[in-house]
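Trainee: Below, each chain spelled out in residue letters.
Number of protein chains: 2
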Amino acid sequence: MTQNKLITPRKLSGFMELSPQKQILFDKMIEKIKNVYEKSAFVPIDTPVLEYSEILLAKTGGAIDKEIYAFKKGDTDICMRYDLTVPLARYVAMNVNDLSFPFKRYQIGKVYRGEKAQKGRFREFYQCDADIVGLDELSLVADAECLSLVDKVFKALGYKVLVHVSNRNVLFGYCEALGFKDKTQDILVILDKINKIGRGNAIEELTKLGVNDESCQKLIDITLKCGKFESILQEVETLNDNETYQKGISEIKEVYTYLKALGANENCYVLDLGIIRGQNYYTGTVFEAMMPQHPEFLTVCAGGRYDNLAGYYTDKKLRGVGLSIGLTRLFDLLDNAGLIEEVAPTNMDLQIIPLGETLCDCLTLKSYFEEQIVCDVNYENRSFKSKMKEANRLKVPFILVVGEDEVKSKTYSLKNMFTGQQYNLAKEECLKTIVEYLKYKKN
Amino acid sequence: MTQNKLITPRKLSGFMELSPQKQILFDKMIEKIKNVYEKSAFVPIDTPVLEYSEILLAKTGGAIDKEIYAFKKGDTDICMRYDLTVPLARYVAMNVNDLSFPFKRYQIGKVYRGEKAQKGRFREFYQCDADIVGLDELSLVADAECLSLVDKVFKALGYKVLVHVSNRNVLFGYCEALGFKDKTQDILVILDKINKIGRGNAIEELTKLGVNDESCQKLIDITLKCGKFESILQEVETLNDNETYQKGISEIKEVYTYLKALGANENCYVLDLGIIRGQNYYTGTVFEAMMPQHPEFLTVCAGGRYDNLAGYYTDKKLRGVGLSIGLTRLFDLLDNAGLIEEVAPTNMDLQIIPLGETLCDCLTLKSYFEEQIVCDVNYENRSFKSKMKEANRLKVPFILVVGEDEVKSKTYSLKNMFTGQQYNLAKEECLKTIVEYLKYKKN
Chain A
1 MTQNKLITPR KLSGFMELSP QKQILFDKMI EKIKNVYEKS AFVPIDTPVL EYSEILLAKT
61 GGAIDKEIYA FKKGDTDICM RYDLTVPLAR YVAMNVNDLS FPFKRYQIGK VYRGEKAQKG
121 RFREFYQCDA DIVGLDELSL VADAECLSLV DKVFKALGYK VLVHVSNRNV LFGYCEALGF
181 KDKTQDILVI LDKINKIGRG NAIEELTKLG VNDESCQKLI DITLKCGKFE SILQEVETLN
241 DNETYQKGIS EIKEVYTYLK ALGANENCYV LDLGIIRGQN YYTGTVFEAM MPQHPEFLTV
301 CAGGRYDNLA GYYTDKKLRG VGLSIGLTRL FDLLDNAGLI EEVAPTNMDL QIIPLGETLC
361 DCLTLKSYFE EQIVCDVNYE NRSFKSKMKE ANRLKVPFIL VVGEDEVKSK TYSLKNMFTG
421 QQYNLAKEEC LKTIVEYLKY KKN
Chain B
1 MTQNKLITPR KLSGFMELSP QKQILFDKMI EKIKNVYEKS AFVPIDTPVL EYSEILLAKT
61 GGAIDKEIYA FKKGDTDICM RYDLTVPLAR YVAMNVNDLS FPFKRYQIGK VYRGEKAQKG
121 RFREFYQCDA DIVGLDELSL VADAECLSLV DKVFKALGYK VLVHVSNRNV LFGYCEALGF
181 KDKTQDILVI LDKINKIGRG NAIEELTKLG VNDESCQKLI DITLKCGKFE SILQEVETLN
241 DNETYQKGIS EIKEVYTYLK ALGANENCYV LDLGIIRGQN YYTGTVFEAM MPQHPEFLTV
301 CAGGRYDNLA GYYTDKKLRG VGLSIGLTRL FDLLDNAGLI EEVAPTNMDL QIIPLGETLC
361 DCLTLKSYFE EQIVCDVNYE NRSFKSKMKE ANRLKVPFIL VVGEDEVKSK TYSLKNMFTG
421 QQYNLAKEEC LKTIVEYLKY KKN
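Same order as they appear, the protein sequences are chains A and B.
My numbering puts the first residue of the first sequence at 1, with every later residue one more than the last.
My numbering puts the first residue of the second sequence at 1, with every later residue one more than the last.
Any given hint could be a false lead.
Given that identical chains are not distinguished, each listed pair holds provided it fits within a single copy or across any two copies.
As the list claims (entries may be wrong) - Pairs of lysine-lysine, BS3-like flavour, derived with a Cα cap of 27 Å:
1. K66 <-> K5
2. K183 <-> K152
3. K59 <-> K317
4. K183 <-> K72
5. K72 <-> K59
6. K385 <-> K317
7. K72 <-> K228
8. K34 <-> K439
9. K389 <-> K39
10. K387 <-> K260
Keep in mind the hints are simulated off the structure, nothing from the lab.
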């Protein structure tokens with residue numbers, strides 16, 4: 001294969017691709033999240049990346065948002081999934097008779113959004129979702145479970161989060177009580193972006209909608225209520241007697257009771273009536289988690305309750321509550337902030353360097369060591385010096401040098417690359433030394 | 001959201017989608033493969049599912065095979081990857097200055113081929129690849145490492161395989177010696193499909209190419225050579241003195257020497273000169289693994305050496321050798337043959353059933369048990385009887401019944417659902433009983 005013209009190797013922009021070293025860390029995060037989900041009795045599913053457009057675009061009646069990767073294959077209209085929630089709805093609707101409810105599923109996979117590529121925005125990214133789906137009914141215990149899961153996941157990852165919780169019924173009811181029931185969605189959209197557009201612009205937009213000054217003030221005031229559950233509840237409980245409003249308050253109380261019963265760390269949760277979540281499928285509990293030490297990361301995990309999960313696909317009443325972590329973005333933020341622990345560019349514990357005609361002996365030694373540690377033979381045709389330099393760069397903890405004399409005497413020269421210590425030992429002793437040091441270093 | 005017209009929930013054909021129970025097993029297989037790769041000092045990469053068409057279609061000069069999912073997004077021609085080798089070539093070419101060689105990488109991910117959907121063929125499937133890439137040079141030790149990896153992986157999965165090994169130089173040289181150097185590729189394609197089309201048809205096709213009867217016979221005879229390395233080598237070593245042929249023989253010998261030095265189980269490897277591997281990028285070692293107890297599965301893992309990995313993208317000489325497991329197909333075959341161990345549809349160790357007003361107490365108990373086992377509360381609004389029935393169906397090992405008396409006495413009714421034994425114990429004793437039983441059952 002001789003090429004006259006080379007094609008410059010490049011990848012699409014907006015697609016994260018890591019060095020192996022970083023990938024090891026990324027995979028470890030996935031592993032930790034998966035573990036927490038499994039320990040909390042969630043089971044995995046893995047839906048296809050491609051779906052019928054008809055299914056994925058049910059919400060918009062088939063209209064293709066410019067963010068969506070859509071194409072035709074033969075006569076079939078196909079889309080790449082843009083989240084894991086719509087595929088979950090399709091999956092549950094399809095398998096409703098075989099699943100046991102409440103159905104607690106997790107899914108960790110890539111989703112696709114052809115957004116304008118910009119720093120921190122990805123067109124392909126991992127979502128790590130856990131949802132609880134009930135048939136007909138779903139207790140508010142499920143909402144508390146999802147909330148408690150947020151703290152568990154981030155604790156496992158080694159980061160502190162504060163979960164801001166609200167219930168959409170509070171603002172639904174409040175809008176209704178102020179006489180704007182028909183405009184609720186529009187009002188919520190404006191209130192949702194106050195931090196982005198600023199208070200002045202929000203008031204202007206609300207006014208355009210026909211909201212008077214006093215109501216504007218009231219609406220903005222209520223979204224500023226944020227603090228300990230007990231104290232905020234005390235402030236807002238009797239603010240309004242609208243039925244929907246009171247339903248929201250009572251749901252918040254119930255969820256909070258369960259959350260405490262579950263042993264959740266109360267310092268990790270605040271009641272924040274400014275949490276709205278744009279998606280209009282949320283019908284009750286909503287939440288967003290932030291990292292208090294890194295407010296610039298904005299929301300690192302979010303979720304809520306949706307009482308009609310699969311209404312486009314089935315007459316059955318499926319209610320759900322779940323959480324989602326956009327791991328690609330989170331990893332990128334943490335990495336840029338230097339918050340990802342560094343690891344060595346290799347997972348090798350021991351590298352064997354052959355000197356002279358000892359290659360086969362080294363391979364046999366490798367198979368001995370491999371029973372317990374990660375070991376490799378540097379069989380490259382390079383100088384000893386350059387091999388040692390490379391081992392140093394890769395931060396390989398131990399080097400075993402095997403020359404012909406060593407093979408004869410069955411005593412090998414082992415070097416600890418961190419301490420500089422050198423030993424002359426039989427293979428069993430070498431292994432013991434390495435295993436002990438690795439154990440010591442781990443603790 | 002009230003719908004007048006429901007959309008039938010369905011997934012695209014040719015896309016595997018498992019029940020959670022099966023998914024748990026599938027994920028375990030991935031986990032085991034990943035572990036073997038990592039223990040053998042391979043590091044992970046995760047390239048995007050989407051690539052520039054120009055990159056993925058370099059081989060065909062941009063022509064889109066009908067198998068490939070290709071589309072336009074804005075002005076950009078995009079393809080979904082159809083394997084993990086081309087993305088590896090692109091990745092290594094892009095990052096050649098930052099990687100350390102030999103670069104041992106593994107990647108486990110979905111690839112896409114819009115083939116005609118038929119039983120056992122998937123349009124989306126997992127490939128589990130491990131490759132070793134060398135810059136300028138790559139020792140034949142790497143070939144032996146990949147071969148030894150095949151047995152290791154399948155041993156970890158719990159299945160026995162026989163790896164059929166050859167070296168393409170043998171047939172390259174043999175064709176040359178018979179005077180058909182120019183027709184080598186065409187001849188290999190025919191020989192590769194003898195088992196599919198039958199000997200008669202193969203001879204007919206070879207004759208059409210201009211191969212005479214005697215040569216036909218010789219070519220077919222050599223591809224039938226299959227058996228222990230030592231005995232086949234003895235048979236074929238002096239069959240021809242063509243230089244390329246002898247290069248193939250000597251490479252086979254060298255690889256086999258390393259394979260033995262690596263402690264590989266010799267019973268798992270045969271020299272089979274009928275192994276050709278269609279892909280014309282292979283330049284030396286080629287292999288296919290089969291399951292001797294299930295020849296009908298055909299090849300379950302394959303790979304080989306390619307001495308010009310990234311020739312379309314870089315002038316640098318990158319040599320590679322690797323293996324690939326099509327896990328989706330393999331899982332499907334094993335599952336249909338009843339060779340996948342059954343697991344319970346849940347990973348729950350304990351389910352707590354509240355009776356009366358004990359929900360919050362149950363949640364607190366859950367948080368206690370969760371420290372060590374997977375525990376869930378059945379908070380559904382259903383009868384006790386139906387909850388017990390469901391727990392039975394899900395094969396939950398233990399049930400804890402918590403009524404108001406139990407909360408007062410702090411003594412709970414624990415039932416082992418497998419043995420039928422019932423206990424009345426404090427929570428600490430419950431946990432001990434469960435943990436001991438689970439440990440006992442695991443061994």
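Trainee: So, for every hint listed, does it hold in this structure?
Mentor: Tested hints:
In this homomeric assembly, K66 and K5 come within 27 Å of each other (Cα to Cα) only across copies, at 25 Å, whereas the closest approach inside a single copy is 35 Å. Taking CA atoms no more than 27 Å apart as the test, K183 paired with K152 passes in neither setting, with 38 Å inside one copy and 64 Å between copies. In this assembly of identical chains, K59 and K317 lie within 27 Å of each other by CA distance solely inside one copy; the values are 17 Å within and 51 Å between copies. With identical chains, the CA atoms of K183 and K72 are never at most 27 Å apart, being 38 Å at best within one copy and 39 Å at best between copies.
Both within a single protomer and between protomers do K72 and K59 lie at most 27 Å apart by alpha-carbon distance, with minima of 20 Å and 24 Å respectively. Taking identical chains as interchangeable, the C-alpha atoms of K385 and K317 lie at most 27 Å apart only when they sit on different chains, with a minimum of 23 Å there against 69 Å within one chain. With identical chains, the CA atoms of K72 and K228 are never at most 27 Å apart, being 52 Å at best within one copy and 50 Å at best between copies. When the C-alpha separation of K34 and K439 is checked against a cutoff of 27 Å, the pair qualifies both within a copy, at 25 Å, and between copies, at 22 Å.
With identical chains, the CA atoms of K389 and K39 are at most 27 Å apart between copies only, with a shortest distance of 23 Å across copies and 43 Å within one. Taking the shortest alpha-carbon separations for K387 and K260, only the inter-copy value of 25 Å comes in at or below 27 Å, while the best intra-copy value is 57 Å.
Of the numbered hints stated above, those contradicted by the structure are hints 2, 4, 7, listed in ascending order.
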